[in-house]
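*Asks:* Listed here are the chains, written in short residue letters.
There are 2 protein chains.
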Amino acid sequence: MSLTIHKKLRGKIEIKPKIKISKANLHLLYTPGVGKVAKEIAKDITKTFDYTAKGNNVCILTDGSRTIGVGDSFPEASLPVMEGKAMLAKTLGDVDAWPLCLNTKDQDEIIRTIEILTPNFSLFNIEDIRAPKCFYIFEELEKRNINVFFDDRQGVGIVILAGLLNGLKLVNKKIKDIRICLVGAGVAGYGIFEILNYLEVRNIIVLDKDGIIHKGRKQSDGYLKNIIQNSNPENITGGLKEAIKKSDVFIGLSGVGNLLKAEEIKLMNKKPIIFALSNPVPEIFPQEIEKSVKDYIFASGRSDFVNQVNNILVFPGVFRGLLQTGKKMSLKMEVEIARKISSLVRHPRKNKIVPDPFDKNLVKEIVKTIKNFKNK
Amino acid sequence: MSLTIHKKLRGKIEIKPKIKISKANLHLLYTPGVGKVAKEIAKDITKTFDYTAKGNNVCILTDGSRTIGVGDSFPEASLPVMEGKAMLAKTLGDVDAWPLCLNTKDQDEIIRTIEILTPNFSLFNIEDIRAPKCFYIFEELEKRNINVFFDDRQGVGIVILAGLLNGLKLVNKKIKDIRICLVGAGVAGYGIFEILNYLEVRNIIVLDKDGIIHKGRKQSDGYLKNIIQNSNPENITGGLKEAIKKSDVFIGLSGVGNLLKAEEIKLMNKKPIIFALSNPVPEIFPQEIEKSVKDYIFASGRSDFVNQVNNILVFPGVFRGLLQTGKKMSLKMEVEIARKISSLVRHPRKNKIVPDPFDKNLVKEIVKTIKNFKNK
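Chains as they are written, first to last, in the numbering used here: chain A, 154 to 529; chain L, 154 to 529.
Since the hints were made in silico from the structure, they are not lab data.
In this text, all values refer to a predicted model and were calculated from it rather than measured experimentally.
Check each hint, because a few of them may be wrong.
Pairs count within a copy or across copies, as identical chains cannot be separated in the list.
Stated by the list, open to error - Taking lysine-lysine and the DSS-like style, the derived pairs with C-alpha atoms no more than 27 Å apart in a straight line are:
id: 1; residue 1: Lys169; residue 2: Lys513
id: 2; residue 1: Lys258; residue 2: Lys529
id: 3; residue 1: Lys371; residue 2: Lys529
id: 4; residue 1: Lys161; residue 2: Lys326
id: 5; residue 1: Lys517; residue 2: Lys171
id: 6; residue 1: Lys192; residue 2: Lys160
id: 7; residue 1: Lys521; residue 2: Lys480
id: 8; residue 1: Lys485; residue 2: Lys322
id: 9; residue 1: Lys169; residue 2: Lys200
Between the sequences and the hints, there should be enough to build the whole structure, so can you do that?
*Replies:* Structure representation (structure tokens):
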């Protein structure tokens, strides 16, 4: 089905003129009239925003090193995902998002390419680039004062926090009291870690392919050092069983379908909240959870289960808001957006902890949050 | 007027989804379904053309070094022109053309950027880049087997030849018998020179800012060497008066408005054909010509005079044809396209030597010509 629809469309987006061109307006929209517009911009570069699409243009950019379903592959393999994202950005956020899949995996070349592309775009969304190079790219772009949103990291952090806040209300627990088991310390895992850390949630046990991240682990990457310093206060070691024991919340970004069994769920505290985010097969399905516990909250990345937590809830509004205000994302802004998204679910229920991605208020409220945001 | 309409539009193109996205198709067009599409492409890169927009995507790319009205400026100043071209490519050729204005003037960096951008695009149109670096970029892209169309050079060559062929019919002269005075040896001038040279028109006098190009001139650039070798058989030297004397055709790309006076027209052979292509002010206006001669043919780049010769007549069809066939442009193909465009004017008249850019047959016939083209 998915292949059929893609084959029929041959691309999910197209470039459309905003106005019907005719003999009558050709001289205004193209030569010679366009020369006057070029002159105005050459005199004052800020006029680019008045006379061109730049102010509404976001570049969604990847090197194809972490493509859904395939991992590190040709950049072309990322095109369907990037086009999908561009389509959503327009439909939900009225943003012109241009997907570009770069034919280089070199971090410095990616940064340089982005610098070279700045005349067309007001915002860059880096996407599906492997850790740790994506962190390096992000930092370097910030240093160069290029406005960048890192959806895999920041968008995921926002949406998980939004769902978590509602989940905690339902189970009547406070965020600072809980223990979280976070499986996966890649881009998304780190995005979740850092937003929780910003909220001073310290009792997080992070597990990656080498086991629980603890003080004894040697790490050179800055982001892993940050996890080591600010998580696992009891310095627990071991694997999944040790990590999940006595946790209130499980957040799975393992990439491993059916990683969890009912016996592990049994080790969790009462009323567990389970984000099983691996896609398409989550770490656990509700029927397996129910073998151990009836009172729980389940969320996944799938549209065919309750509580689909997906960055679709975040990026259209964030693109729109950042473009309109020229502001830059920060952890403080992330938290405010997450709280706003959370509050859009008037009456949270076990099967309704996040809003619908087609909720008309979603983009509007995120944009308003960004507009009102004050960095202190 | 031009500024007003641009300010109102804030960009002449936008990205549009080809399908309405909804809850019902989201899982097919985006995650998780899109993962299957990514897998198919990762297995077989040629599937990119089945499942994405790549097959219809042209990149219109510039470094802003030769922008209309301003010359060498910020790349942003080229955006209005590039957006205009993208708009025309869609309206007339149903091609998705993405304008990119690069923030680098370095030729090797431009080439490398294009290589990095190949996953998204099937064709690159380099545009408004200064000579000689544009020639170097073009050659290097061809060496790398990247399909490239150089509209300023090839498109102009095609459209001028198309107009010239009809003009010659009207004045009853043969192309091999005529003398041509070509003012301007930049990109467009060279594009015209090489297509005429391919047709073995040798009696061309090329004039640039240093006077008539002749055998005594020292030149290191390959393209100027080509002009020296294959033009000016009598090795004439001097300036405009010497160059235009006894010519049958004047082609002006001087960038100098009102360069020609009636007295120079008087020096030309009978029934002169005058292409006064500088924009917005041509080298001469018809009223000045008429002080010397009544029987003449005039063409310019302006839409408010007869015989507007503009690459609009060429690039939408060429984009479409090259995308559909995967063929590469060559001088032989240029000539065939020019002949076809010329033939679309059923009954050439003094004030009708080229078709209307909105002529429905234009794109169709150019595409057909490219489809039927055999490289010998």
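*Asks:* Could you run down the list of hints and mark each one as holding or not?
*Replies:* Now the hints, each set against the structure:
1. In this homomeric assembly, Lys169 and Lys513 come within 27 Å of each other (Cα to Cα) both inside a single copy, at 25 Å, and across copies, at 19 Å.
2. Neither within a single protomer nor between protomers do Lys258 and Lys529 lie at most 27 Å apart by alpha-carbon distance, with minima of 37 Å and 41 Å respectively.
3. Proximity of Lys371 to Lys529 under the C-alpha cut-off of 27 Å is found in neither arrangement, the shortest distances being 35 Å within a copy and 66 Å between copies.
4. Taking identical chains as interchangeable, the C-alpha atoms of Lys161 and Lys326 are never at most 27 Å apart, the minima being 49 Å within one chain and 52 Å between chains.
5. Both within a single protomer and between protomers do Lys517 and Lys171 lie at most 27 Å apart by alpha-carbon distance, with minima of 23 Å and 24 Å respectively.
6. Proximity of Lys192 and Lys160 under a CA criterion of 27 Å is satisfied inter-copy only: 14 Å between copies versus 43 Å inside one chain copy.
7. When the C-alpha separation of Lys521 and Lys480 is checked against a cutoff of 27 Å, the pair qualifies only within one copy, where the shortest distance is 12 Å, while the shortest distance between copies is 50 Å.
8. In this homomeric assembly, Lys485 and Lys322 come within 27 Å of each other (Cα to Cα) only inside a single copy, at 21 Å, whereas the closest approach across copies is 73 Å.
9. In this homomeric assembly, Lys169 and Lys200 come within 27 Å of each other (Cα to Cα) both inside a single copy, at 23 Å, and across copies, at 25 Å.
Comparing the model with each earlier hint shows violations of hints 2, 3 and 4; every other hint is respected.
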